[in-house]
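> As a plain string of letters, each chain reads:
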Amino acid sequence: MNALKEHPVFGFVDWCLRGIGQVVFQNNPVSGLIILGALFFNSPIYGAIAVFGVVISTATAVLLQADKGLIRDGLFGFNGALVALALIAFTSEDFHYGAVPSVYLTVYIAFGSAMTAMVFTSLANLLGPHRVAPLTMPFVLVGWLFLFAVLKFHSIDAGPLAKPVSPTQYDGTVQYTLATWYKGIGNAIGQIFFQDNWISGYLIVLGIAVNSRVSAIMALLGANVAAFVAVVYGAPEGAISDGLFGYNAALTAIALGGFFLVLTPASVLYTLFGVVVSTWLWASVAIFLEPIGMPVLTSTFVIVTWLMLIGVNGFAALVPVAPADAVTPEANRRRYLKALREG
Amino acid sequence: MNALKEHPVFGFVDWCLRGIGQVVFQNNPVSGLIILGALFFNSPIYGAIAVFGVVISTATAVLLQADKGLIRDGLFGFNGALVALALIAFTSEDFHYGAVPSVYLTVYIAFGSAMTAMVFTSLANLLGPHRVAPLTMPFVLVGWLFLFAVLKFHSIDAGPLAKPVSPTQYDGTVQYTLATWYKGIGNAIGQIFFQDNWISGYLIVLGIAVNSRVSAIMALLGANVAAFVAVVYGAPEGAISDGLFGYNAALTAIALGGFFLVLTPASVLYTLFGVVVSTWLWASVAIFLEPIGMPVLTSTFVIVTWLMLIGVNGFAALVPVAPADAVTPEANRRRYLKALREG
Amino acid sequence: MNALKEHPVFGFVDWCLRGIGQVVFQNNPVSGLIILGALFFNSPIYGAIAVFGVVISTATAVLLQADKGLIRDGLFGFNGALVALALIAFTSEDFHYGAVPSVYLTVYIAFGSAMTAMVFTSLANLLGPHRVAPLTMPFVLVGWLFLFAVLKFHSIDAGPLAKPVSPTQYDGTVQYTLATWYKGIGNAIGQIFFQDNWISGYLIVLGIAVNSRVSAIMALLGANVAAFVAVVYGAPEGAISDGLFGYNAALTAIALGGFFLVLTPASVLYTLFGVVVSTWLWASVAIFLEPIGMPVLTSTFVIVTWLMLIGVNGFAALVPVAPADAVTPEANRRRYLKALREG
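Going down the list, the sequences are from chains L, B and U. Note that UniProt numbering has the first sequence beginning at 1, numbered continuously upward. Note that UniProt numbering has the second sequence beginning at 1, numbered continuously upward. Note that UniProt numbering has the third sequence beginning at 1, numbered continuously upward.
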């Protein structure tokens, strides 16, 4: 694998595939490839635009001569891919399939994706002393900033948002069914990549599992707990089955569940706490943003995970993993147990 | 007192009482007890929920094995108590007395109060290098995030906010009277704990005075200057007599007036400046938040105090006190004078 | 020049004139004097209030015994001048000429301008480790906070904003003409100081050129690229000819174009990227703030420049200049080339 990473041409392909995987914390080109397949399965437009975004932001980092280790781990790519997906998703008449962008919008997306490379570096610099990663905040910031303006330029024809962005936009009287659950779980994973397709969601879980079974389980656990909490608290059926309550919760589960905290009984409880809070707070941020018609993106995941991780070294009950050392939950735990044994 | 702090059972009670006192910067269980009495005097519901909140957040810190010194000083408790009070205050039909929460809301409040322990640690970590305390920001952040969502869950029956949250919601033609003043001052102190009861407000001042007479004077000074400024600038009578202009100003006065700055002629002027600005900016933040129906909470106090303290070591005219060394204005000044004498 | 800076009376005048110049990064009293002339040329009210603001905030820094080097470089003055200008501009019935403030508003402005000295020091403290300057963020923060409240105090008679604050408030059907361009460029520079007068704008460019020709060229380049991008993306004619798309872009161009980055082919491309993004994001922030009627001020410039500079030491393709070492693009580049030669 390392030989591939160093190759002048295939290397770049490898970094970009890892970039797709890094959206869900998987530094593995095979994960990236499977996830990309899940996107193409739902819509070739989304598949292609994800490639466009990851290539632009990774190439920007290369041109600016950013840290090679970070580039090779795909860390400059995942926010670029997400910005590109978001800008297509929220300017297309059909959220489900997306639409081929105009030249104007394509240039605009390229600038947005490139911008994530700069914002990633700035946030990494700000957060460095606190040993916390930028997560998808570069995507959230650039996504919000670029989405507002796009709605008002004549040359970019953005209709009204086709996709509900808040629980208040769903019918509160629809009954929960079995499909609410299994489609809701799949869609929750899919929504991480703006895919309104529950089968794509399960394919993405497969892509995660290739690299880390614990992370795959955490993603499913996060989406399930979110659906459960949303049902208990009487959330609208449509928002649950569309996966809107679950996509932030799933990301929080992956991040806290073994990736940035060593997997222990205490960290599992801490993760469950974070998942429940992420579920509620998706609704909260959605309602806050609704008057200006802005989607939540993955802001809730970032806010909850940051608030629960930045001070975590002050909690002796938990074992944090610095971003630079975080590999997979399995490897993190093995290293921790080894260090324990060696005293 | 220290023996009590170490006792396995009474220790926890002591930490929680200090937690109540810490809302107004008083690390003293007797202060906490008197303030709790002031809450029960107004409404047993508010008294009980304050106890619930402070217990949950302090216990969370104990379970997560946070720093013992911080726990024992009540620093994990005050934000938890405030979140619990806010969630009752703004979901009850009667703001004045509050309402007994449902099981759903109780679980929700428990998560919110627990979350403040994590946010406190994260903010302390972020602010540590700048020698500034998190103040009530954990409460403000968690309060806002949890209040938004609560308004939309079917299982939590939140009516429209019973309490005006902005000066624009009051009648601008009502005349000022003597009661505007003495009730307004009492209510301003009461509003720090969401108590719409001016007698409770004066009881809280008594609770402060037990530990520090300077802090008690500062609280009254802050509320008085705020009422004066609001009258001069023609603010609505109702907002003044409800204490809304004054509660942030009173907190700013306690924080800057001897607690985080050694009491000197220069720091008294600096405090007065902060009090005036807090008064105006309460109105500002209220008007900003009004379209989404969100209350200001103590955000203005935190913003003004942070902006005036984070850079204060750059001003040779003032003598800052690091959060870890801040005891009472009296003790801070004694230590400073002693250090001066000893050169 | 240094003798003047040390003189007990003329020194203060010198610091204040530099404060006016520092709005556009020119630490030069002659630049400040010419710019002040440009303001008086448009409206003696604006000229006088700029003097009032810069004197108040510089005097506040002196009274608080802030760092003498910073005071003498005018760094405590520019945000104070901008706050004073903004509070007149957005409370006057006639945005173009402004109106003489009442006693109430004058006191209010004095507090706002004084507050910028504290916010500047706090932001400098927060940003210090990241070697990035506060830019005009003290003005933006204090400006927003003070503008909200002013609209609701009875004693300050603020009409509805006379000036459109968002592209959506302009007629989208007006055709572009030659005047759109040459007036738009002048107005863009003028809008940095809230001057709706294109001749004043060009006089300000002259004031910049006295100290740095590269900065003057960058200001014009920024405004031109912004106008070009706005036309290509079909922005309303009125917003372009009023200079609204360009004033943030011009500031970004000056900041990135040689001042905080050594002028090289790579940094020119980086600057152009920032200018294009600033243009789009002005529209974005304007649309975000429109529901609450708040102007963008120079927030877009600060956000884009911070996001592009905070992490810039992670990009080997660019050569950052620390705020303390930034003089003029010409001097920065000379020092860099000298260091290269001396290896």
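Calculated directly from the structure, the hints in this document are not laboratory data. Quick caveat, the model's predicted, so the values are computed rather than measured. Mixed in with the good hints there might be a few duds.
Stated by the list, open to error - Listed next, the stretches of chain B that the computed footprint assigns to chain L, with coverage defined by at least 3 CB atoms under 8 Å from CB atoms of chain L:
| hint | region |
| --- | --- |
| 1 | 55-68 |
| 2 | 105-117 |
| 3 | 120-129 |
Glycine included, C-beta positions come from ideal geometry on N, C-alpha and C.
> So is the region 55-68 of chain B in contact with chain L by the C-beta rule, three or more residues under 8 Å, or is the coverage claim wrong?
With 5 residues close enough to chain L, the hint holds.
> According to a criterion of three or more residues whose C-beta lies within less than 8 Å of a C-beta of chain L, is the region 105-117 of chain B covered?
holds (count 4)
> Against chain L, does the region 120-129 of chain B show at least 3 residues with beta-carbon separation below 8 Å?
holds (count 8)
Checked against the numbered hints given earlier, this structure breaks none of them.
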